[in-house]
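Asks: Protein sequence lines correspond, in order, to chains A and B.
Residue numbering for the first sequence is 1 to 481, as defined by this note's numbering.
Residue numbering for the second sequence is 1 to 481, as defined by this note's numbering.
Some hints here could point you the wrong way.
One copy or two, either will do: identical chains are not told apart, so a pair holds if it fits within one copy or between any two.
Here are the simulated BS3-like cross-link-like pairs (lysine-lysine), alpha carbons at most 27 angstroms apart as the crow flies [unchecked claim]:
| # | residue 1 | residue 2 |
| --- | --- | --- |
| 1 | 87 | 107 |
| 2 | 101 | 417 |
| 3 | 60 | 417 |
| 4 | 7 | 143 |
Since the hints were derived computationally from the structure, they do not count as laboratory data.
Number of protein chains: 2
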Amino acid sequence: MEHTRIKELLQSEEYGKEVIVKGWVRTFRNNQFIAINDGSSINNIQAVVDFENTPDEILKRITTGAAVRVKGQLVESLGKGQKVEVKATEVSIIGDSDPEKYPLQPKKHSLEFLREIAHLRMRTGTFNAVFKVRNALAFAVHKFFQDRAFVYWHSPIITGSDAEGAGEMFRVTTLDLDSLPRNEQGEIDYKEDFFGKSTNLTVSGQLEGELAALAFGNIYTFGPTFRAENSNTTRHLAEFWMIEPEMAFYEIEDNMDLAEALLKYVIRYALETCPEEIEFLKNRLLEEEKSKPQNERSELNLIEKLNFILDNDFERVTYTDAIEILKRSKPNQKKQFKYLIEEWGADLQSEHERYLVEKHFKKPVILTDYPREIKSFYMKQNEPDAQGRQTVKAMDILFPGIGEMVGGSQREENLEKLLARMAEVGIPAEEMEWFLDTRRFGSVPHSGFGVGFERLVLFTTGMTNIRDVIPFPRTPKNAEF
Amino acid sequence: MEHTRIKELLQSEEYGKEVIVKGWVRTFRNNQFIAINDGSSINNIQAVVDFENTPDEILKRITTGAAVRVKGQLVESLGKGQKVEVKATEVSIIGDSDPEKYPLQPKKHSLEFLREIAHLRMRTGTFNAVFKVRNALAFAVHKFFQDRAFVYWHSPIITGSDAEGAGEMFRVTTLDLDSLPRNEQGEIDYKEDFFGKSTNLTVSGQLEGELAALAFGNIYTFGPTFRAENSNTTRHLAEFWMIEPEMAFYEIEDNMDLAEALLKYVIRYALETCPEEIEFLKNRLLEEEKSKPQNERSELNLIEKLNFILDNDFERVTYTDAIEILKRSKPNQKKQFKYLIEEWGADLQSEHERYLVEKHFKKPVILTDYPREIKSFYMKQNEPDAQGRQTVKAMDILFPGIGEMVGGSQREENLEKLLARMAEVGIPAEEMEWFLDTRRFGSVPHSGFGVGFERLVLFTTGMTNIRDVIPFPRTPKNAEF
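Next comes chain A alone, as it looks inside the complex:
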């Protein structure tokens, strides 16, 4: 490598040193000042061109988006906002960029427009910052679990099991749709399909993760999961990355402790390793909110909001208590909720979750012990309460602005109770023998949870649309690039 990366140069104090910079032109002012970015930093380095001794042929090719190589001396900068700049002695063009055609102009583009050119948007400051924070959060997840001797576990992506019922699934097939094989009954013959059976994309690696937890003790997955749901919201993707730890001998309280520690750890890691990016994103959000009426603006700026998570214990409250709070709440009394809370058993909507987090407790909330009927079959059943109401050891962590950040539970380790619940909800045991074996042979209390990685990135970057925190979002009618 003959060149030095810009992030390193910006931190350097080796004034007078000869350096080579390679990167892309962000702006070129006065035939003299090139702002160059190579992606290593959200900040550009300025190269000052000796335009009298640089051929016109070169000068006119220094356009936004062009790739250049600049050789020169690292010198102290007189401009503000930068410590160093490069006094260029040699400028050459590596790759041109026709300014008439290049879609990224040196001006503010809307996020909607940038979504349409998602293949180029990471060349902007905003997306450089977003994906650097995404990178930091991803590594922090691994580091958190590795430091605690958890085993990183790859649950399968293609699955022959469709029993979990966490959501609608995508079919995976190599059958020729124009000439589908049929059996004697005239049904499609999946025995002819690649895997010899009907297969789908996984909606969760949890069930396989449970198998692993009962072998290794503590494991985590971190991989893509899929939901074929027709939800066109700012918080849903058809393809998203999920982190799913699963721990043998963990009860619900241990599970909550771990989830809270994980979230605080990764947010702190991002703050510590991406201070410039988060500062940039804080200012972006302040700027964006300027156009909103005062009462819709955030009370806290991005950095204050992140520190608020770090500095506060998450509020732990049962579903039953939460329902009482919601019933008595002003928006419920005044019928401002779209879905009024009338009785125990109601499924909580986003508006209720946000009320609890943002208005009532004003901090992250861990809601526990939900009614059995609104939760998954594998959750550990509590003893019925005095009124005979049946709950499960679920735990959902609710974050301001995001709603559900974590969904988890202690798992039902009792074979008979699990089988009874599966029968009630119509999951055929014979398809789940491999899963049930964990309850047959050395069953132990165990717990786990799932974190939607993009929601974590959304929260930490202060972005407001989940399509802006994953490189190429997959949503209904959209699988570009």
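Got chain A; can you put chain B on it based on the hints?
Replies: Just chain B now, with coordinates in the frame of chain A:
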């Protein structure tokens, strides 16, 4: 957590301390000695039961596979091979295991049998070791790249692009196969499909990775990729994890340097962080090879083989030179190769790669500058040689026993050359406009490569079938669990 994990206890010297162990019974001898494993270590801790003061009701439930809680004193062990043991004062059963039904008996099971019970096989020493090494390698990959300021990049899994041609693809659909929508021409109407078009599972994240490299400089992907190929071999999977770094301003030599450094780093990391696991796997392999004739046994044991990789520079040789070596080789002269090498242009088979690595150079080999016709369209074209033969800046790294461990290249950054090559091989440019934009706007020399993660695990663990290094292998007619 009231209990301490066994790995920690095995390293402890706090004799006399009261401890609680939770784990699964591996064996129970003489109504007295329980070997307990909790997955934290391949090694068990021994608990010595005071059987005279333990109810028969408990003793008879201490069976292989049962989960137990043992409270007692940590004491120095008199047995060999262990430093400490637990003098139990209290034993309770957490989860039973019916010895008549539990498939894992305290004896040696074949790998074939264990593959059929893949949901339980990670409870064995061999698979505990394999997946601990897999975990270490995965984290080492992240650490290597993070230490070098590469951005972890998530290329999409579901893709609307099928142009790369790296292999047969799986279709992803939510269409009802029993009643497919048809357009006026009677063709299946993919506009009605979830994404409004025909979509597949990715075969490689490279093309999207290139977009990112030309924004961030250096990036890497690490995610699942898919090939719908009907290959039932010990080296192929339909679903496997791939690591794909991509670097702006890297030429082919930089690419080779990085790949060699990565492989050495991750293998060294596994050796340093999993010494017990690799020792165990070394002995497993020696044991397995005892049944083979002397001339089929490995010359080096597993640890020697791994150190051999660390201690040697990889041999860098052009395809053209390799062909000369192969032509003159004994197996070619004596017609022992299945595919004889007769002329320049021949595609190298596994037998040729292994000859070069294992017989001729006796070390990892980086083969470069392959004929253009046998490589992908996006590889950078060399100037034709004196005989007018056209090669590309490809680089494949060949490992002993494995064959291709890495496939990479410098990419063709010249738009006209790339378009011409795409036209020759029949890739429609209009489907690839987003990719071609990288060559239109600030195009720069760049390079990258792909590492099949399971092949890396295969090599580092000394296992011989790729189905044994991924939790739940997906192969033709097989998508169990």
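Asks: Now tell me, hint by hint, if it's right for this structure.
Replies: Structure-based check of each hint:
Taking the shortest alpha-carbon separations for residue 87 and residue 107, only the intra-copy value of 26 angstroms comes in at or below 27 angstroms, while the best inter-copy value is 73 angstroms. For a Cα distance limit of 27 angstroms, the shortest separation of residue 101 from residue 417 across copies, 20 angstroms, qualifies, whereas the shortest one inside one copy, 65 angstroms, does not. Proximity of residue 60 and residue 417 under a CA criterion of 27 angstroms is satisfied inter-copy only: 25 angstroms between copies versus 75 angstroms inside one chain copy. Proximity of residue 7 to residue 143 under the C-alpha cut-off of 27 angstroms is found in both arrangements, the shortest distances being 24 angstroms within a copy and 19 angstroms between copies.
Hint compliance for this structure: every hint is met.
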